[in-house]
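Kindly generate the complete structure, drawing on both the sequences and the hints.
Residue-level listing of the chains:
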Amino acid sequence: MKKLLEFKDVSYFYQTKENEIKALDEVSFDVKEKEFTSLVGPSGCGKTTILSLTAGLLFPSSGEILIDGKPVEKNDSRIGYMFQRDHLFEWRTIWQNITLGLEVRKQKKDPQKLAFAEELLKKYDLYNFKNKKPRQLSGGMRQRVALIRTLVLQPSLLLLDEPFSALDFQTRLKVCDDVYDIIKSEQKTALLVTHDISEALSMSNKIVILSKRPAKVKENVNISFTGATPLSKREDKDFGKYFEMIWRNLV
Amino acid sequence: MKKKQINYSKARKKYLRNIKKDKCLVLLGQIIIFALFIGLWQLLADTGAIDPFFFSSPSRIVNTIIDLAEDGNLWIHIWTSLYETIIGFIIATVLGTFIAILLWWSEKLRRILEPYLIILNSLPKIALGPMIIFWVGSGTGATIVMCVLICVILTTISMLNAFISCDNDKILLMKSMHANKLQILFKLILPNSIPAFFSVLKINVGMSWVGTIIGEYLSSKAGLGYLINYGSQILKLDIVMASITLLCILATGMYLLVSPLEKRFKK
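Residue numbers (the working numbering), protein chains in the order written: chain A, 24 to 274; chain B, -14 to 252.
All clues stand as given, with none of them false.
Simulated restraints on C-beta separations:
| no. | chain 1 | residue 1 | chain 2 | residue 2 | range |
| --- | --- | --- | --- | --- | --- |
| 1 | A | R128 | B | C233 | 48 to 56 Å |
| 2 | A | F82 | B | R95 | 22 to 30 Å |
| 3 | A | Q177 | B | S91 | 28 to 36 Å |
| 4 | B | S244 | A | N151 | 32 to 40 Å |
| 5 | A | Q130 | B | N3 | 53 to 61 Å |
| 6 | B | D154 | A | L137 | 23 to 31 Å |
No farther apart than 25 Å at their CA atoms in a straight line, the calculated lysine-lysine pairs in the DSS-like style are these:
| no. | chain 1 | residue 1 | chain 2 | residue 2 |
| --- | --- | --- | --- | --- |
| 7 | A | K155 | B | K172 |
| 8 | B | K160 | A | K136 |
| 9 | A | K156 | B | K248 |
| 10 | B | K(-5) | B | K5 |
Just so you know, the hints here were simulated from the structure itself, not pulled from any lab data.
Cβ atoms here follow ideal geometry from the backbone N, Cα and C, with glycine treated the same way.
Written out as C-alpha cells, the structure is:
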C-alpha cells in the first residue's frame, strides 16, 4: 500500500533559555494509507512533538516530513488533530461544535460539506443531540463528537494524541471501539500516540516503539490479530506475546 | 409543571419538605436580623440610650428622605449619582476589556506595559483627585473620570488573565483548523471569557459606586456623595444617614440588575 506519511531522519531541538534539548534523533518511520499506526514510548520521549511536527505546528531542525509525497506545510490542512480531552466549546451546541472548522474555513454555506456533517451525526447516533450543549452528553459521546468535528474537514491523516486518557477505564474500552469503528468505516489513516501498550495493540496494524529522550525508533512491530474490534483483539491468544515483546523493548 | 402527576416516595417527600423548610428558615433569619437591627436602633434612640443627633434613627432617616423628596432636590442628587456611576461603569468596562484585548493580541506590548500596569494598579487612584479637578474641572466630568480610573485597571487585569488562561490545546485546535488570530479571538477567547466578564461586571458595580462617591466628595454640586459631605458640614447627620441608606438601595439594585444577566448566559 501507498505510504501516506513519511518521516525521513527527522531531528528536532527545543530551545530553552538554559540550553538546547534534543527531542528527536533522526527519527524515520512511515504510515501506510488506510492503516492504523501507533507510536509508543516512555513518557516525555517526544511523542507529542512528532504529532506537532506532522500537523505543521512545529518544523523539523533537520530531515524531512512528507505527506502524500509533499512536504508538510504550516498548519497543514491535510491533517485532523484529536486531543487528550475533547475540547468541545461549552457555549456552542453539538452542531455548532462540529461545524466549527467549516466556519473557520468560511465553508459554512457549502451544502455538500453541511450534508456530510449531518450524515456523520446520523451515522454515529448523535443526530438527536444536534442541538444539545456538550455538558448534556456523556464523556464517551463527547469524544465521538470531537472525532466527528475533525472528520467533517475530511483530513487525509488523523492524529490522535492519547485521545482516551481522560476517560475512566470502562468508558475507555467502549470509546476505543467506537472510535476505531468510525475510523475504519470512514477509511481514514490514523497515527495514534499513547503510553498504553494494550490500547496501541488493540487498535493498530503497526506499532513504532520509541526510545527515551532523545527519541529514536527502536523497533517497528507489525501486528495481526484475528479479532475485528479492539475489544475482541484483547482476547486474542497472541495478545500477551505481543505485549511482552513491546514491554521489553520499552524498558 | 407536572409535579401533581408524580407520586413521590415518602423519603422524597421528606427531602423536599426539608429543602422548603430550610429555605423558610433562612428567609426568616434574614427578616429577624433586619427587624432587630431597625427595632433596636429605634428603641435606643427613642429612650435616649444613644444620641439621635449623632446616630440618627430609622424614623428620622425616613422623615429626612421624605423632606428631601418634597424639596425635589433628592431626585437631582439620586439621578446625578446614578448617571455618573452608570456612565463610569460602562466606559470602564468597555475600555478595560478593549485594552485587555490589545494586550492579549500582542505579547510584546503586554511585556512592555506590565510594570506600568502594576504601578497604576497599586496607586490609590484617589491621590489623583486634585489633578483630575485641574484637568477636567469640577463636577460630573471629574466624578466620571474618577469612577473610570478606579474600575478600568482592575477590569483590564482581570480580563487579560481570563484571556491568557484559555487552554492552550483549544488554541492549537483552532490553529489546526486554519483559524487566524481574529477568528481565535472571536470564536474562542472572547466566548470562553464570558464567565470572567460577568464576575468583572459584578465587581465593577461596587467599584464604580466607590469611584462616584469619592469623586463627589472631592468636588461636586450634586449627588449622594455631595449630600453626605454637605450633611456632615452643617452637622445634620440625618442627611448623611439618609444618603447612605439610599446608596445601599441603589447599589444593591444595580447588582440585582447585573447578576441575572449571568444566569441567562449560562443556559
